[in-house]
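Student: Following the hints, put chains Y and Z in place on chain S, whose structure we already have.
Chains as they are written, first to last, in numbering that gives the first Met the number 0: chain S, 0 to 398; chain Y, 0 to 303; chain Z, 0 to 267.
Take these hints with a grain of salt, some might be off.
[To be verified] With a cut-off of at most 27 angstroms between alpha-carbon atoms, the simulated DSS-like pairs for lysine-lysine come out as follows:
id	chain 1	residue 1	chain 2	residue 2
1	S	183	S	173
2	S	215	S	33
3	Z	265	Y	110
4	Y	217	S	79
5	Y	110	Z	220
6	S	119	Y	110
7	Y	217	Z	6
Just so you know, these hints were derived from the structure itself, not from any lab.
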Amino acid sequence: MNSGEFASAGADLELVGIQKRFPGFTAIEHLDLKIPAGSFFALLGPSGCGKTTTLRLVAGLEEPTNGRILIGGTDVTNQKSFQRPVNTVFQSYALFPHMTVLENVAFGLRRRRIDDPVAKAHEALRLVELDHLAARRPQQLSGGQQQRVALARAIVNRPALLLLDEPLGALDLKLRRQMQLELKTIQEEVGLTFLHVTHDQEEAMTMADTVAVMNKGRIEQMGAPEELYELPRTAFVANFLGQSNLFTGPVVGSTSEAISVDVAGQKVVVPAARAHRHIGEVTIGVRPEKLTLHVTEPVGDVARNLMGPGRVIDVSFSGVSTQYLVEIAGIGTLIVFAQNMAFGPVAHEGSEVWLSWNIEHGFGLEDDASAEPRFEADDTTRSIATQKRSSLLTELEGA
Amino acid sequence: MAFAAFSTSTTAPEPAPRRKSPIALLLLLPGILYLVLFFLAPLVSLLLTSFQAPSEFGDVGQYSYAFRWENYVDVITAYWPHIMRSFGYALIATVLALVFSYPLAYFIGVKARPWPLLQSLMLVLVIAPFFISFLLRTLAWKQLLSDESFVITSLKALSLLAPDAHFTGTAFAVIFGLTYNFIPFMTLPLYTTLERLDLRYLEAGSDLYARPFDVFRKITIPLSMPGIVAGTLLTFIPAAGDYINASRDFLGGPDTQMIGNVIEANFLVLQNYPAAAALSIILMSVILVIVSIYVKRSGTEELL
Amino acid sequence: MKFSLGKLLLPLYTVLALIFLMVPIVYTFVFSFNDSLKSNITWRGFTFDKWLNVCQVQNGAVCEAFGNSVLIGVVATVAATTLGTMIAIALVRYRFRFRSQTSLLLFLPMATPEVVLGAGLAAQFLSLGVPKDMVTIILAHTMFCISFVVVTVKARVASLDPALEEAGRDLYGSATQVFARITFPLLLPGILAAALLSFALSFDDFIITNFNSGAVTTFPKYIYVSAARGIPAEANVIASAVFILALVLVVTAQVSRAAKEKRLAKQG
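With the rest of the complex left out, here is chain S:
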């Protein structure tokens, strides 16, 4: 980037055939990615999926083994990090401890010999509402304040692309929510392209326009948050982004409208447009909040899939909703989220129940049903916690 001038606006980022190998392992297999200018893009995945490596490649802190990186159409693959029009908000913030907050924010401006760095730094600090602490040292600030200084230090340079490396990871829940909103507001205000790396699916979904779910060095699925949630393409996405009930079985009937799958003797219908595979063994699924719990066998309805009878093996009340674990013979354990419309739970442990859902809410995965699921243990995701809990419960049941 030329010294003395700002980037006019956010630029788009393009990764072409990126591969990154470290001695002993491959962090990124093959990555093609295009992020349009001005968007808020989230790269979501469990730890070790290659998302932070991707970010460091874009920042110029690592060199790709293969492939090219383009920012605003210019190939920057061979540029060093200080030459790229990119700034990063580091996970650890990396605020220079030997400088004041103001000197930290003015650092990049001074390096690029931009006029009046002090005034611009104050302006950036006002944007994050910390101008009154300009003379302090970073160590004297709270975690949330440090995070905002790190943000100011990056955006004051008006980079074409702003990289955020789990910037909210060190904050507590309440502060994180607040910062999510602030980040989103600032992004809309300054109109930069944001690339946000996180393992927190809620954070990704609330903030980003586009989310790419990354696993084992590849992008599993990319799209708007609603699209990813409502129509996951792989078991990994279905489980990493929220929770899912997945079933496997052969396709027994297929029309242009829908396919029907035999799941342990029960027929389940999925709209053809929402299923990626239409023949052979397939995996289909439905989100837990889409399920309705019935305490008496409901009357057949062509618009709904019905499963049961099953037995409630666990009820946990969480205020807004109640989570039920329902065991159905031959199929396994299903999770149901029911809104607490009435007082107290509708069903109790041990009671016999049926489950139904609107056919339109089912989805069929692209994964080969016989292939091992690509989802690997990751303690940071909520779904794995639930899985662990249910497996523990079944163990207890067996004992």
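Tutor: Quick look at chains Y and Z alone, frame taken from chain S:
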């Protein structure tokens, strides 16, 4: 290592709450008493001795207590070149040792981090000179750099050195010896701070448009300041008081005598105790002034 | 990594710098095999004689000096380590008045040039009429070693979790039992490091010794006195032997620590 004494303890863990107890006194008293008797009291004796006057009817080496402040005037008049030379040599040796040690400590402390065993083996090599007698390693240099030695004759053959030039016995040789002997004192504290240097600060600097040289100047150097302060003090103090390198039997000559040589000669040979004491007090005071100014300036006040 | 001063320059420099540091050591070692006469300056051929008959030259003067140095080193180390460890524990664990003055008193000996320490003690012994001998050397060495022991052990005490001692008291340990069974074993590595440092400082000290030794000859003093008329190769033998011993000790400690960490890392 002891060198931590000179670096700040910003990264030290939160100290445990301290209790008040008579046990503390029992633990402290013997050691403190010892230092009062054998460190503080000697300094006082030194101060008293420095004002002594020769006994009226005494022999050489017989002095009685007085307040003869002229002793100071006498030694400064007689030895000011030695005093200036000591601090000059020590300063140059300290700068040379810093320039020599910084890249070495940077490589061991930063670049070699993925290989901890290699790191510790290189550190062993850095402190290895400590394991062989200080005097013998200085004599080894004397012989390696004598006029008949391979190094000097080759330099002369290559016309890099005048045919009648000497190395041993010159100021260069003394400064060389001081530098060599105190390099480990410089490298170790530098290593200690560089080893803890968070590389993410360097990445952040590079991300904020700082060229490698600017990253070094604006981030690496300031963050390694505690090590630089500790290393320069640990080199400067013993170098200023040293008299082995400058001794005629080692690397020095008649024109390279330092304050230490003069103190030794006055005390042990001439038995002019007041002069030796006055010189010691001058040396100590100058060093204390330099240390306190330096430590204040560089913001590393919490020393022990 | 884009912060290297050229990818090969720095490793190359490091290798050369380390070689430079080794030069006089190698020289001393090589000349311990020199078939020299009185002085050991020119190479006269290879021999093991000096190693085999170390104590025979000058009626065993070299060995006597070496023995004195070892004796002084051991006594001064035991004294300084005991006194210094006690101070270190008090500094970390207890509150007391005159804390900053105590710290200053401990710092000053390290910031005082040796020649001043030596001359000061000598002036004191002179004015008190104490004859200079082995005892005065030991007194002097203990003095300058204390501060280094305090600093080394203090770091170890500070990293010790006080809850461990509280747990010991909670489990019915008396004050002495807690110290003997919990505090002391945990501090031992720090204390040993401090003791080694003290011994090394004492063994190699010349300047302070020179002022306070009287007629007693230590190993460094022997070299200083002989420097003018030539140092026999036997001195190189002793210095090389001490060097090798120290090196083996330190390298073994480092390698076994690295192996232990590797094992722990594998288990963890």
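Student: Each hint: holds or not?
Tutor: Results of checking the hints against the structure:
{"no.": "1", "hint": "S:183 with S:173", "verdict": "holds, 16 angstroms"}
{"no.": "2", "hint": "S:215 with S:33", "verdict": "holds, 19 angstroms"}
{"no.": "3", "hint": "Z:265 with Y:110", "verdict": "holds, 24 angstroms"}
{"no.": "4", "hint": "Y:217 with S:79", "verdict": "holds, 18 angstroms"}
{"no.": "5", "hint": "Y:110 with Z:220", "verdict": "violated, 41 angstroms"}
{"no.": "6", "hint": "S:119 with Y:110", "verdict": "violated, 36 angstroms"}
{"no.": "7", "hint": "Y:217 with Z:6", "verdict": "holds, 21 angstroms"}
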